[in-house]
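Each chain sits in its own coordinate frame; assemble them with the hints.
Protein chains in written order, with my numbering: chain A, 1 to 379; chain B, 1001 to 1113.
Note that these hints are calculated values from the structure, not bench results. Treat the hints loosely; a few may be bogus.
Far from chain B by the CB rule (all over 12 Å, computed), these chain A residues [to be verified]:
(1) Ala18
(2) Asn41
(3) Gly47
(4) Met128
(5) Cys159
(6) Met181
(7) Gly225
(8) Leu293
(9) Ile338
Derived, one-sided and incomplete: chain A residues facing chain B with beta-carbon distance under 8 Å [unchecked claim]:
(10) Asp44
(11) Arg52
(12) Gly63
(13) Val70
(14) Ser71
On a predicted model such as this, the values are computed, not experimentally measured, just so you know. All residues carry an ideal CB built from backbone N, CA and C; glycine is no exception.
Each chain, letter by letter, is given below.
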Amino acid sequence: MRRRDSPRTDGGARREPAAEALERRYRRLLAWYPHVYRAANADDMLGVALARSAPGRRWPEPGEAVNLIVSGIGERLGGMLRQPDRRDTAAVLAIAGPLLLAAGAIRTMASPFLFMPAIPALVTPQRMLVTAVAFAAWWTLVALAGMLRWRRVAATGACLGLAGQVFLLVLAVSLNDGALMVAYWQTAVALVTAASGLGTLRSQGRPLSWRAVTALAAAAAILAGWPAVEVAFVRYTPMTANSGTISDPLSGSEGWLGDGLLAVALILALIAIAALRPAVRRRAAVLLLPALLTTTLACWGFRGFVPVGPPIGLLVLSPVQWEVLMLVPLTGVVVGFIGLRLYERLLTRPCRRAARLKRRSADSPVPAFALRGLPAPAR
Amino acid sequence: MSEQPLREPAFLVLTALAGGPMHGYALVEDVLRLSDGQVRLHTGTLYGVLDRLREAGLIVVDREEIVDSRLRRYYALTDAGIARLAAEAERMRRNASAATSRLRRLRPAEGTI
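Bound conformation, chain B alone (with noise of 0.2 Å):
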């Protein structure tokens, strides 16, 4: 069977690794860009995500540093976590398109009328 289509939250962390290593809440904030200020992640759903998508073995653990006395740590896309994101990116195109291509066999039916 095919692997199931990543979640919103999952590809947004996913594509947010992409652009480099990053820290919880760094990603909270670039998943918050992404998605035109869309998808706020709270806390414990992007833990869950992370711990989701490191059991995958999509991404994992970069570095830990200490700031301000507090543990930062920084998540990082894998090989098999940049193929990952490669399909699903191309899967959601794929849809776009047909998507896109039915609309516009639509809209002059539509004028017509």
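For reference, chain A alone in the conformation it holds in the complex (with noise of 0.2 Å):
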């Protein structure tokens, strides 16, 4: 076998010189760093990238290459929270997203009670209420630490919180039980949890008050309430002793309650939202909707379609149902971030169109005045 880098001896087309391929992969190597940090250090980056090579070299070496895409990617994630507007989001992500957690590892503690024969000899109630309690609790206290400003505690927190999560996922998915349609989203939650944990790090402010915090906080409550207030009132739908018993929670007469705690829960959601200064908001809710969205499915859209009774899990699901499951909450993000952008480009249209103007009546001995088509100033 020929190496890749023996002069070629076939007659073929000219070979390029080291020096010039070496400075060619050291080109796409820099185009792992956004555009405007290429377009700032590339130059600078590349002498230096080059002088540090022993002469003749035709490649990058191994560590310098795996340096040069590492750093590439942190700038870019560095630079996307760089941003106050994005930076302070990221740190109410940071809050919320625990809260949002907790609550999910509350309800689970509920669930026992509700769907006792469905669970697997593996996962014993016992097993399941200590890992809630345990999750519950630390979620609860990285929510804390960020409110605390202890951001380092605090991406510490979620990212181990998240192998917590990817390991219940794994767990779930193994067993293939009920839990997967819990764990999916909160691994997902923990995801956006611990990179927003760990894009603050450097970030001093607080952008969420208590007084917001207090009311996400008890919209969380409500949320993880939520089972055991069906427990005490919703009727069930008693079904033979194959598949045990459970609740249809929009089945009963009182199915009115479980909507009604839903809409508190949101509206404080939104008192909470609301809170926040217009840029950080906008954002805010664009980040809800997939919450919304998976809510909407789970709880209306698929209701028809999940046969009633244990064993619950993969196959209660169609894959086509779990594939809008998924692609429905992603579509809500990317379609809610083009509308922010599209509104955002709106609000600032005027500043973009007197700067423009600005710009073109320093270069143009026609006054500003007469290029918008106003009438001249009177003297």
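Okay, here's the thing in structure tokens:
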């Protein structure tokens, strides 16, 4: 086999000189950096990278290549959160995410009472209870650390929590049980929380007031306590001995109770969002979309398709339904952010127009009022 | 809360710049020399450190030159950078002194066994 770096002997195209090949490859590696960063630093960096390389090298050193790729990705991720609006939104997520996860964990505590016969032998109610308490406590502490601006503690806690959620997800997939329905969104929220926590490590501000976080915590508490209310008030649909008993919160005559509680939780979440400054509020509202869409789909959209009774797991939803459940929230976020971008462009249009006019008037002898089509000012 | 201690690459870059303005590759070479060949900065790491030091106001771009049709940027310490390097050197000196003193006490004790 011919070595990649050995000279060609087949009389083919002239071989590229080593220095040019190395420069081309370094330029390719620098493409991992954001465009703006490259425009400012690529030339200088390229000079350093080439000077560091041994003469005659055609390929970058592996360590140097990995370092450039990792640094480039880091710069891209860091750059995304360098804008104050985005950084503040991430700081909100780093607090709201753990609250939602704590609520989810507390909800799980009630599920053994709802789905008792469906629980696989390996996952005993006691073990589930201990896991749920541990996760609820953990995420509450992460949220508290975020509020107290202990950024490192919050970020480390969120990363460890994410590892725990991934473990639960793997367990749910391997057991093929109903926990998957919960584990998949919890892992997604934990991922967003960990990324937000890491992204706000250097941030000093706290965009969420204690009053707003209290409203959020109350919303989370309602979501968490919902199953307990169901157990107490909502009528159950009795099933045969084989399939056990399962609650269908919307089928009972007291179904309005669940809807009402969900509405109160939503109003409280909106109150917390309303307390944010406008640019962060818009972003938080867009990020609320996937939660709303997932809840709507899970509670109402798929209700007609979900066969009542255990085993509730992968078999409950068809592959198409799973795809819809994954794609709809994602599409919601993407469409939401496109809409947000267009809206913000609309908001800044007068400023951009004024700046353009100012530039044009600076370059042209025609005065600005004439460019705007306005009458000349009275002297 | 007091400032966080500088990491080794940042400390070495500031130390190198204490000798005068330098461009990127000269910094890599000087840091290697200062660290007795222990720290050879990768390009990505070097520019990450330079960005952070610039954001913190510890260094500035001194001047830019075109050498062999390629941009070469020189960096220099600011007054804040000089003060920070002095404070960091003092902190490290105190730590080293504390460690040396403890070790001196430990050695005779070891000898008695």
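Right, here's what the structure says about each hint:
1. Once the 12 Å rule is applied to beta carbons, Ala18 (chain A) is consistent with being away from chain B; the minimum gap is 16 Å.
2. Under the 12 Å C-beta cut-off, the non-interface status given to Asn41 (chain A) relative to chain B is violated; the minimum distance is some 6 Å.
3. The Cβ of Gly47 (chain A) sits about 5 Å from the closest Cβ of chain B, inside the 12 Å cut-off, so the non-interface label is violated.
4. Distance check for Met128 (chain A) against chain B: the nearest CB is about 41 Å away, which clears 12 Å, and the non-interface claim stands.
5. Once the 12 Å rule is applied to beta carbons, Cys159 (chain A) is consistent with being away from chain B; the minimum gap is 20 Å.
6. Every Cβ of chain B is farther than 12 Å from the Cβ of Met181 (chain A); the closest lies at roughly 42 Å, confirming the non-interface assignment.
7. Consistency note on Gly225 (chain A): stated as away from chain B, and its beta-carbon is indeed over 12 Å from all of that chain's, at 38 Å minimum.
8. At the 12 Å boundary, the C-beta of Leu293 (chain A) stays outside the reach of chain B, the nearest C-beta of that chain being 38 Å off.
9. A cut-off of 12 Å between C-beta atoms confirms that Ile338 (chain A) is not in contact with chain B; the least separation is 31 Å.
10. A distance limit of 8 Å between C-beta atoms decides the matter here; for Asp44 (chain A) the minimum to chain B is near 5 Å, and the interface restraint holds.
11. Among the interface hints, the one on Arg52 (chain A) holds; its C-beta lies about 6 Å from the nearest C-beta in chain B, closer than the 8 Å criterion.
12. The beta carbon of Gly63 (chain A) comes within 7 Å of a beta carbon in chain B, closer than 8 Å, and the hint placing it at the interface holds.
13. Contact between Val70 (chain A) and chain B, as hinted, is supported at the beta carbon level, the nearest pair being about 7 Å apart and thus within 8 Å.
14. The interface hint given for Ser71 (chain A) holds, since its Cβ lies 3 Å from the closest Cβ of chain B, which is under the 8 Å cut-off.
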